[in-house]
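Undergrad: Once you've looked at the hints, dock chains V and A against the given chain S.
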Amino acid sequence: MVKSKSDRLYRFTVAAILVLIGLVCFFPMLYVVSVSLTPYDEYLRQGGIVLFPRKITLEAYAQFWKEPYVSDCFGNTVFITVAGTAANIFVTVLMAYALSKKDLMFGRFFTVFCLIPLLITGGLVPTYLIVKNTGLINSLAALIFPTLVSPYILLITRSFFSSIDAGLYESARIDGAGEFRILFAIIMPVSLPIIATIGLMYGVGHWNEYFASLMYISESSLRTLQVVLREMLNRASQMEADVVVPTRTLQMAGVVISAVPIIMVYPFLQKHFTQGIMLGAIKG
Amino acid sequence: MQAVIAKKSVGKKAVWKQLKNQKAFFLMLLPGVIFYLIYLYLPIFTAILVSIEDYSVKKGIFGSAIASPWFKNFQFFFKSPYFWPLLRNTLLISMLKMLLGIPLAVALAILLNECRSRKLKRVVQTLTYMPHFLSWVVIYGMCFVLFSETNGLINDWIRTLTGSSVPFLTNPDSFRNLVIGSDLWKTTGWSAIIYLAAISGIDPQLYEAAYMDGATHFQTIRHITLPCITNVIVLTLILRCGSVLNAGFDQIYVMYNEGVYSTVDIIDTWVFRTGFENFNLSLSSAVGLFKSVISFFMIVTVNQIAKHWGESLW
Amino acid sequence: MKKRIAALIVSALVFLSMLSACSSSSGIVSGSSSGSEGTSSSDPVSITLFGLPVTVPDTDPIIPELEKRLNLEINIESTGGDESLLVARLAGGDIPDVFRVTTLSNLSGYYKDGVLLDLTDYMDKMPNVKEMFTKQQWARVTFDNGIYGIPRRMEGNYGCWYIRYDWLDTLGLSDPETFDDLLDVAIAMNQADLDGNGKNDTYAISGQYGTSAKTYGRGALEGFWTAYGVTGPETIMIKDNQAVVACTLPEFRLAVEEIRRFVDAGVVDPEILSNTGDTVVEKMATGKAGICYGGWANYSKAEQVETLTSVDPNAQWGPMRKNIKTAYGEAGASNSASGNDAVYAINADLTDDPEKLDAVLELFNYIATDECDMLLSFGIEGEHYKVENDTVVKLDKMDELTYGWGIQFLGRQDLLYCMTKFANCADYIEHCANDVPILYHYEQMVEQPEGINVSDINSYIMEQIAQFIYGTRSMNDWDAFINTLYDSYSLQTYIDAAQETLTKLGYID
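Chains as they are written, first to last, in the numbering used here: chain S, 1 to 284; chain V, 1 to 314; chain A, 1 to 509.
These are computed hints drawn from the structure, not numbers from a lab. All of these numbers come straight from a predicted model, not from anything done at the bench. Each hint should be verified, as a subset may be incorrect.
Just the calculated beta-carbon pair ranges, DEER-fashion [as the list claims (entries may be wrong)]:
hint : chain 1 : residue 1 : chain 2 : residue 2 : range
1    : A       : N197      : S       : K55       : 14 to 22 Å
2    : A       : E65       : V       : S164      : 53 to 61 Å
3    : S       : P267      : V       : P85       : 39 to 47 Å
4    : V       : P81       : A       : D144      : 30 to 38 Å
5    : V       : M95       : A       : A426      : 54 to 62 Å
6    : A       : D169      : V       : T162      : 27 to 35 Å
7    : V       : F83       : A       : E430      : 46 to 54 Å
8    : A       : G114      : V       : P81       : 28 to 36 Å
9    : V       : K12       : S       : F184      : 29 to 37 Å
10   : V       : D54       : A       : Q316      : 53 to 61 Å
Derived DSSO-like pairs: lysine-lysine, alpha-carbon spacing no greater than 27 Å straight-line [as the list claims (entries may be wrong)]:
hint : chain 1 : residue 1 : chain 2 : residue 2
11   : A       : K112      : A       : K125
12   : S       : K66       : A       : K386
13   : S       : K101      : V       : K17
14   : A       : K68       : A       : K112
Ideal placement from N, C-alpha and C gives every residue a C-beta, glycine not left out.
Isolated chain S (complex conformation) (with noise of 0.2 Å):
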């Protein structure tokens, strides 16, 4: 393939305004990083601006680890992302894959069946009456069941489910197998894409919860990472005078304990993406 001149510019030219983007995105993060491992008074001494520490210390992050219950919590966290995400990505893919199938019998009231609570929510009061009923109040199930299907990633789910290839599931249904195996053999395999996007969604939203741990958990060392970290920045404007007002840079270690690991998972997904593509290359 010739390189042309005006290919090499548009090249350039999207390269530029990612680059561009990517450095919008970075500096605030950046921002953050640097803050944590700073001194306290060299932070202060430079007027609270800090893009690249002069001064390096780790000072904040011990100092966030002190923070009631942190190791606990932050155990918790991976515990219900972990788990609650497998547990997501199991039902939502049944539930798509026979949702996704067009000559489902009652399919249509179905798919409406599930449309409609993405419309309607019933609200904090009536969903914690519902998660005490059920007898989840203080445990990390609580976290889990539920949020067990998004009526917005299912939809996302049965869309990807729908655009398969028809063809691969006749083959397959012609060879004898049964509806079970189908999916689980034939149709996941090609459904990495989809199933990393979802589980990246589900994943990211365990991880970030914070208002059902606080709602529906009241023992402190059954928690998430997140309200840790709130508590500690909430302290900022408290007025009691026990209460030890966390200085800015201790304020950033929390915020990138809190972070970072989730952050991690994605490159190892990426490749997901670009599997999908290339298995529709050999498919076609």
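TA: Below, chains V and A alone, put in the same frame as chain S:
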């Protein structure tokens, strides 16, 4: 995307047989449906009940008396002098976020797709979705550092240039822009993921064919990339229209202060102050119901419009 | 094959449901006032205390000590003081044994709902508690001749106007005594670039903004209000035996005009509305503010002094030595007459569980003793403090008890507590508690009348005051503002309700 209703076969026996054949699918639906019934539908009915009652904690849902008049809780909301400003702010913020957010995310996805360097693509993509993981408290802190009139980086530069400073954080209008801008910063990269996933599902043969035909880059984007992801875009649009009364409680609650109520106080923040801090449970259910009803009408309407373009949620 | 898949699904569901069973039974189950606790009376009774404003860390030694002394099992459930979590919990019909209520208005709401235990018959089991509080304090938690909550000892005043002395000295100015003086000082601070960074970035006046409930009466503008004889704009004062909303008073308008003078001179931090505790101290430390209202708890604790002197070691902050005077009053502090804290209430259903009820009453009765006071205030003798010549001396380990205030269920002997724990600023503590003139306000005791949305009223007031102060709204509109309050927000109904409550409680004759 329309699920076609099974052809009405002749006779009950044929129907029964078809049901049996599809047994597996119903089994697949089962766990999800149970979940839906318990955790999504049951709360809706509960909400309807609670919003027309004088809810008493002791008497519970079924024991509490119906409010007199039954729309008392709704009335409390509608009669508040804050009602119209709240509605206006909510709609304005929500629509601006949507009308700016969707095109930006699509554009980013396309740009990433057009990028030939795998490394650059991966790095930029990671950078753009990272803000999604930051909590609003932190993003507000960052806005403070950048835009603060006394401490801020940007005002520092402005002051060196012009000698005066711009009240980004305390002027109601510029504050609303800050709310929308920071939301775009936080969510664009993340929203682009879904479009990118859709783009990666486009048959590469289409691209090859276009290249053979001598199409320019812009033409390829316009005639292949965009149309193939239109269904995802429309889907997102419809859903965002449906949640038009949710302007971002988490964000605004963290960022707002009394000086900017006039532009950024939304329905949800008002309900939180009035309903929960003041033990008025029925009020928050009533407003929640109101929002749900509006969002229902919005989605149905927008979906009908979308049908004209061949897209539909159902 | 299908059967296998089905079995797989079923077992997965079973596994997941086992998960929930595991979590809820291995941890301490909260809120379940289970009937019989075991036949042997040496088994500790389990009590749940819900709604604490702090998270109690697992390294805490105080609660275990309390449990040991009373043979109890105490489950603490903290909500960060967020009343909405209590509301949600109650809404579920799952009423905790003992819970903390943050506003008296809500307390009355819970009473009307029948959630609260009437303590009148049980007061003889809590004689120490009975003695601890004044008649007025008991009156506040009494509805229809029944007692429904347990009050808390009030804290002294912590607030006053702080000023940066070393700057006064450098500028050669003496302590300001009138607002004219103060304006001169502020302008001098603003123009002199005293932090030597070559930039004219010093405002003089800063602090936090918000309702008195939020700022504990220590907001940035308290000095102005109190100097004109009023408290915060949304508060209710008593003047000439009449309940009145502070911003409707003519003196209040004068105070706002005074602030306007300062704003127009460019010496007021434009970000008072969005400042938080740490940003104010940062501004003070980096030389961007010189006159900040707050209190010893905001600016004089050890770690705060460290911050304030980290950039400029010569920085010296302290309470103003002379109070700014006007024809209407003297700058001081404004405090809520009912204190800024909450009351504890007991679940009405505990009458079904006499053993637990007795345990609860015993607990509160014990908390009201001096011995327990020492425990909850200072910690464990020998570990956190020692007693020398009849005085309590703090040991270093006491610094770990930053959550102490949250487990001081009935409050503490405030002056003693603060001066022991924050010994480095004992002088300032005493000054704030005893020497600063105090004005009281009463709105936190008033029950929200039917059909009135008090939170709307407060929001509107705070919003408009901010606009008047910064000049977004002209002072010519002041009367229109007050009229709107009466017309659109039914202010008179609110005032009448306040009048009624305050008369009932004996503040008004």
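Undergrad: Cβ-Cβ distance between P81/V and D144/A: within 30 to 38 Å?
TA: 33 Å, holds
Undergrad: Holds or violated: the 53 to 61 Å window for the beta-carbon distance between E65/A and S164/V?
TA: At 59 Å between Cβs, range holds.
Undergrad: Checking one constraint from the list: CA of K112/A to CA of K125/A, max 27 Å. Satisfied?
TA: 25 Å, holds
Undergrad: Between the beta carbons of G114/A and P81/V, is the distance compatible with 28 to 36 Å?
TA: Given range 28 to 36 Å: holds, Cβ gap about 33 Å.
Undergrad: Assuming the hint says 54 to 62 Å, is it satisfied by the Cβ distance from M95/V to A426/A or not?
TA: Holds, since M95/V and A426/A (Cβ atoms, about 57 Å apart) stay within the stated range.
Undergrad: Taken at face value, is the distance from the CA of K17/V to the CA of K101/S at most 27 Å?
TA: Holds, at about 17 Å.
Undergrad: Taking 27 Å as the top limit, are the C-alpha atoms of K68/A and K112/A close enough?
TA: 36 Å, violated
Undergrad: Mind checking the hinted window 14 to 22 Å against the Cβ distance between N197/A and K55/S?
TA: For N197/A and K55/S the Cβ distance comes to about 20 Å; the hint holds.
Undergrad: Hint check: K66/S vs K386/A, CA-CA at most 27 Å. Holds or violated?
TA: Between K66/S and K386/A the Cα gap is close to 26 Å, so the pair holds against 27 Å.
Undergrad: Does the Cβ distance between D54/V and Q316/A fall inside 53 to 61 Å?
TA: Between D54/V and Q316/A, where Cβ atoms are some 58 Å apart, the hint holds.
Undergrad: State, for the Cβ atoms of F83/V and E430/A, whether the hinted interval 46 to 54 Å holds or is violated.
TA: Once the Cβ atoms are compared, 50 Å apart, the range 46 to 54 Å for E430/A and F83/V holds.
Undergrad: Does the hinted range 39 to 47 Å hold for P267/S and P85/V at CB?
TA: 45 Å, holds
Of the numbered hints given earlier, the model fails hint 14 alone.
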